[in-house]
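Chains A and B supply the protein sequences, listed in that same order.
Numbering follows the numbering used here, with no gaps: position 5 of the first sequence is 5.
Count along the second sequence from 1, then add 210; that gives the number in the numbering used here.
Do not take every clue at face value.
[To be verified] Straight-line Cα separation of at most 25 Å, DSS-like style, residue types lysine-lysine; simulated pairs:
(1) 188/A <-> 53/A
(2) 222/B <-> 154/A
(3) 73/A <-> 271/B
(4) 222/B <-> 146/A
(5) 52/A <-> 123/A
(6) 8/A <-> 222/B
(7) 154/A <-> 240/B
(8) 8/A <-> 53/A
(9) 146/A <-> 274/B
(10) 8/A <-> 274/B
(11) 59/A <-> 17/A
(12) 240/B <-> 274/B
(13) 50/A <-> 8/A
(14) 222/B <-> 123/A
(15) 154/A <-> 274/B
(16) 50/A <-> 64/A
(17) 146/A <-> 123/A
(18) 73/A <-> 17/A
(19) 271/B <-> 146/A
(20) 73/A <-> 274/B
(21) 123/A <-> 73/A
[Said to hold, decoys possible] Going by beta-carbon spacing under 8 Å, a handful of chain A positions derived as facing chain B:
(22) 31
(23) 157
(24) 158
(25) 164
(26) 167
(27) 168
(28) 171
(29) 172
(30) 192
(31) 205
(32) 206
(33) 208
[Unchecked claim] Here chain A is said to cover these stretches of chain B; the calculated rule only asks that three of the stretch's residues, wherever they fall, bring their Cβ under 8 Å from a Cβ of chain A:
(34) 223-236
(35) 249-259
(36) 274-288
Hints in this document: simulated from the structure, not taken from any laboratory.
Ideal placement from N, C-alpha and C gives every residue a C-beta, glycine not left out.
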Amino acid sequence: MSEEVLTKTEILAGFVKVLRLHEQISDYVREKLCCTASEAERISEDWIAKRKKAAANLKSLMDKFSFTARLPKNDLGIMTQAVIDYLLRIQLTFAQIVVIIDSLRGESFGEIYMDSLTTISSKVHEAIVTLLHLVEIYESEPESVKADLDHIVKLERQIDEDNIIICRQISVRTGDGDSDFSCYMMRKIISELEHISDYVKECAEILADI
Amino acid sequence: MRIEDYEFEQEKTLTNLADLLEEIADQIRKGDDLELPMPTLQAGTIVVPIGEPVETGIEVKLRKQFVHVNIALAWSRPRTTQED
Numbered sequence: 001m002s003e004e005v006l007t008k009t010e011i012l013a014g015f016v017k018v019l020r021l022h023e024q025i026s027d028y029v030r031e032k033l034c035c036t037a038s039e040a041e042r043i044s045e046d047w048i049a050k051r052k053k054a055a056a057n058l059k060s061l062m063d064k065f066s067f068t069a070r071l072p073k074n075d076l077g078i079m080t081q082a083v084i085d086y087l088l089r090i091q092l093t094f095a096q097i098v099v100i101i102d103s104l105r106g107e108s109f110g111e112i113y114m115d116s117l118t119t120i121s122s123k124v125h126e127a128i129v130t131l132l133h134l135v136e137i138y139e140s141e142p143e144s145v146k147a148d149l150d151h152i153v154k155l156e157r158q159i160d161e162d163n164i165i166i167c168r169q170i171s172v173r174t175g176d177g178d179s180d181f182s183c184y185m186m187r188k189i190i191s192e193l194e195h196i197s198d199y200v201k202e203c204a205e206i207l208a209d210i
Numbered sequence: 211m212r213i214e215d216y217e218f219e220q221e222k223t224l225t226n227l228a229d230l231l232e233e234i235a236d237q238i239r240k241g242d243d244l245e246l247p248m249p250t251l252q253a254g255t256i257v258v259p260i261g262e263p264v265e266t267g268i269e270v271k272l273r274k275q276f277v278h279v280n281i282a283l284a285w286s287r288p289r290t291t292q293e294d
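Build the full structure now, drawing on both the sequences and the hints.
Here is the structure:
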């Protein structure tokens, strides 16, 4: 491998590769979480294949970070490292969600949560798509970067609110004594999704600074 | 089954935040229980027992457009609970 120091363009290209994989994983997760009762059976069957793909994506992600061997030893390098920090956290969090979904053994969630669950996982997916867009257009349309950042910040705030709503719904259920394993796991999924939106926001903030 | 992880995020004005921190400080000084607002709970608050020593962490990140300050506190439970 060449010893040449990375340029900003190459670093951004590296981020794009990582985020494309994140985007796919988040799409699988969203599809799995958003299914209605009528689709549940088909989606559960699909999940077996999707889960394999998600696992392959997660595995291949480590290699995508090998470009750090050629990081510039300056502010840009430090910023890059900070972004990578959050990208790795996003990756780990998706891995957690995939594992939790497995633990539910295809059991579907109570219908009363579905609206908020659908909203929250769609918004997380949208945040990742927006971050990918932000990185892709970073050099060609610097004026649009701010708009993408604002959108991500807005989504993060909405996700916080959705998180509060869905947790309250679960709390009402559990308050009635109807709390169980899947209820807890669902809350975990929500809270992990909410963390992803925080990490996406932090990535976007750092990138907007470069 | 009991769910024992709680967390929430909420936007607050500076005044609201100051009130919250004051309230927490008063309770800590008393040293009995800490009542924390939890908008995600049906009851709205969670009560946790206080104990010493407290492990503290403050993490600060400065960006051009944002400042992040994370405060983390941890201590061991001072008494065994009667539940379960």
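Evaluation of the provided hints:
no. : hint            : result
1   : 188/A <-> 53/A  : holds (22 Å)
2   : 222/B <-> 154/A : holds (16 Å)
3   : 73/A <-> 271/B  : holds (20 Å)
4   : 222/B <-> 146/A : holds (24 Å)
5   : 52/A <-> 123/A  : holds (24 Å)
6   : 8/A <-> 222/B   : violated (37 Å)
7   : 154/A <-> 240/B : violated (39 Å)
8   : 8/A <-> 53/A    : violated (30 Å)
9   : 146/A <-> 274/B : holds (13 Å)
10  : 8/A <-> 274/B   : holds (19 Å)
11  : 59/A <-> 17/A   : holds (14 Å)
12  : 240/B <-> 274/B : violated (39 Å)
13  : 50/A <-> 8/A    : violated (33 Å)
14  : 222/B <-> 123/A : holds (22 Å)
15  : 154/A <-> 274/B : holds (18 Å)
16  : 50/A <-> 64/A   : holds (21 Å)
17  : 146/A <-> 123/A : holds (19 Å)
18  : 73/A <-> 17/A   : holds (22 Å)
19  : 271/B <-> 146/A : holds (20 Å)
20  : 73/A <-> 274/B  : holds (21 Å)
21  : 123/A <-> 73/A  : violated (36 Å)
22  : 31              : violated (26 Å)
23  : 157             : holds (7 Å)
24  : 158             : violated (11 Å)
25  : 164             : holds (5 Å)
26  : 167             : holds (3 Å)
27  : 168             : holds (5 Å)
28  : 171             : holds (4 Å)
29  : 172             : holds (5 Å)
30  : 192             : violated (11 Å)
31  : 205             : holds (5 Å)
32  : 206             : holds (7 Å)
33  : 208             : holds (7 Å)
34  : 223-236         : violated (count 0)
35  : 249-259         : holds (count 5)
36  : 274-288         : holds (count 4)
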